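K.L.:
One letter stands for each residue in the lines below.
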Amino acid sequence: MAIRLEHLGKRYGRLPALHDVSLHVEAGEVFGFLGVNGAGKTTTIRILLDLVRPTTGRAWIFDRDCQKQGREVRADIGYLPGEPGFYGDMTGAATLDLLGRLSRQRVDPAWRRTILDRLELASADLQRRIREYSTGMKRKLGIVQALQADPPLLVLDEPTEGLDPLMQEAFYDLLGEIRRRGRTVFMSSHVLPEVERVCDRIGLLRGGELVLLSTVTEVRGLAGRRVRITFADDVPAPAVWPPSCEAIAVAPRLWDLSIRGPLGPIVSLLAALPVVDVDVQMPHLEEILRNYYASEAR
Amino acid sequence: MNRATVALVVHSLRRIRPVVIGISVVLAAFQFLLTQVAAYLMRTQAFGMLASLVPEFVRSLAGPSMLAFMSFAGVVSLGYFHPIVLISLLGLTIAIATEPAAEIESRFVDLTLSRPIARAHVVARTIAVLVVCGLIVLGAMSAGTWIGLACCTPANAPRPSAAIIRSLALNLALIAWCWGGIALALAAAAKRRATASGLAGITVLASYLLDYLGRVWDPARRLSEISPFHYFEPMSLVTGAGLSAPNVATLVAAGLVGTAASFIIFSRRDL
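Respectively, the protein sequence lines represent chains P and H.
Quick note on numbering: the first sequence equals residues 1 to 298 in this note's numbering.
Quick note on numbering: the second sequence equals residues 1001 to 1271 in this note's numbering.
With the rest of the complex left out, here is chain P (with noise of 0.2 Å):
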């Protein structure tokens, strides 16, 4: 197992920051971590690598203490902070290679240069001072310097946020062969589509509480498939609709549909009727989250 939280609390003062998180993480897995500004996220990263402490519960990874053999624990991981803390006058290579030493982990020069690559970052804008890199900038060397020592696991705080759609691509071609490499990803997003494209697994934070812990499939599955039909014919709705099938909008020739489970029911319907087109949508991941987001603001 990468990663086992239980009963994770914190409290900053009299604040509640998070309460009794309970999750785990297999090796291999790529994980989303998701939730508003405010709900945990960061506070839960910061106590896997040991930078804050948890008032309640432990944290372990590859079944180490995260607190109690925190030196151990951070040999395995590769950490990309949300806001990385640069010092503006040192060039993107010195910054590179200095981390680079921090690591228990020789850095391979060629995986090195193949991030680099995937991220188009060039030799000479590394020779450049980091105050001189745009956001987009610091934020592809942030991702350069989690991932230059190939660590089993890679801890990323928002990873995509600033990198243009065209780096966000290559980031998450990255992450594929990442995976395929057999390295965990635990990582925080805002963004969910980008969680639904490349996570195995979701855990939802509200309020500092896990409110949903589920495989991408099964979310999906917690909401139904919208199904539009339309008819050559004007057609009457019938009087009771199969089971798991919930009528959203309903005209003559056009029903719109949302549906629970399997479709069999309403195609047995459909069969007498004069139907011109069946358009099935699959739901996406951010309007069930949104659901979440929602109850959180009410």
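Treat the hints as calculated values from the structure; they're not laboratory data.
This one's a predicted model, so the numbers in the text were calculated from it and none came from an experiment.
Incorrect hints may appear among the rest.
Said to hold, decoys possible - If you anchor each label on the Cβ, the simulated ranges turn out as follows:
1. P:Leu23 x H:Thr1195: 30 to 38 Å
2. H:Arg1107 x P:Gln67: 17 to 25 Å
3. H:Arg1015 x P:Asp164: 26 to 34 Å
4. H:Lys1191 x P:Val211: 25 to 33 Å
5. H:Ile1021 x P:Gly88: 17 to 25 Å
6. H:Thr1195 x P:Arg225: 55 to 63 Å
Beta carbons are placed, not taken as given, at the ideal position from N, Cα and C, and that holds for glycine.
Chain H: place on chain P using the hints.
P.N.:
Positioned in the frame of chain P, the structure of chain H alone reads:
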């Protein structure tokens, strides 16, 4: 010290290098020029005249150290306890000692301590940098004095002994060590460098003034014993008295308490 700590020490030394070199050059030049001032005063036979200008009651108030100061050796030694030199050295000490707070503020600490580095290594790094920079500055000052005395002063000048210069430099090192420990403890608890360095600076100022009051005003004498400057007595060194063991022990102990506190505070806090 492991590879990572050495890397942090080198990194910090690189960052502070321009300031350390600048202060070292300026203070070394000041020491050199003081030897030339002493030589000039000697050639113009001004030392006796200076002593005669000081009123008798001031002389009796200041004690024999006043006369010692109005000598060749006294002027040469002035750079080791001049308030501006003290301010420069303690300012540099505070700047170095508050680096942990600066790294927390800039979030650079997230990048370093997310790697297999113990928090104690960050404090140990700062102590190592303090020691190295202190040695460089004091070494440069001593070199300035030595060069001035060796090459550009009259052969018959009553030079201060090497032991006196060494004890003056060590005395300066001890007061810097003491304040380095205190500033490091403040930095270990602070989230911002400005908070830590501001508090340290105010404490230095208050302690200096308290010591001054204690020296000139009997009712404040007892209270002034809490000031580290109470144990910094360069004038007695100029007269040839060696370093006082209780003074040395007090300054070393204060520095040690500060550094020990910083290890404990930094290892327990949230970053």
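K.L.:
Now tell me, hint by hint, if it's right for this structure.
P.N.:
Evaluation of the provided hints:
1. Judged by the Cβ atoms, the range 30 to 38 Å given for Leu23 (chain P) and Thr1195 (chain H) holds: they are separated by roughly 36 Å.
2. Checked against the hint of 17 to 25 Å, the C-beta distance between Arg1107 (chain H) and Gln67 (chain P) comes to roughly 21 Å, which is consistent with it.
3. Our hint of 26 to 34 Å for Arg1015 (chain H) and Asp164 (chain P) holds, since their Cβ atoms are close to 32 Å apart.
4. With their beta carbons about 31 Å apart, Lys1191 (chain H) and Val211 (chain P) fall inside the hinted range of 25 to 33 Å.
5. At about 21 Å, the beta-carbon gap between Ile1021 (chain H) and Gly88 (chain P) stays in the expected band of 17 to 25 Å.
6. Taking 55 to 63 Å as the suggested C-beta distance range, the pair Thr1195 (chain H) and Arg225 (chain P) conforms, at roughly 56 Å.
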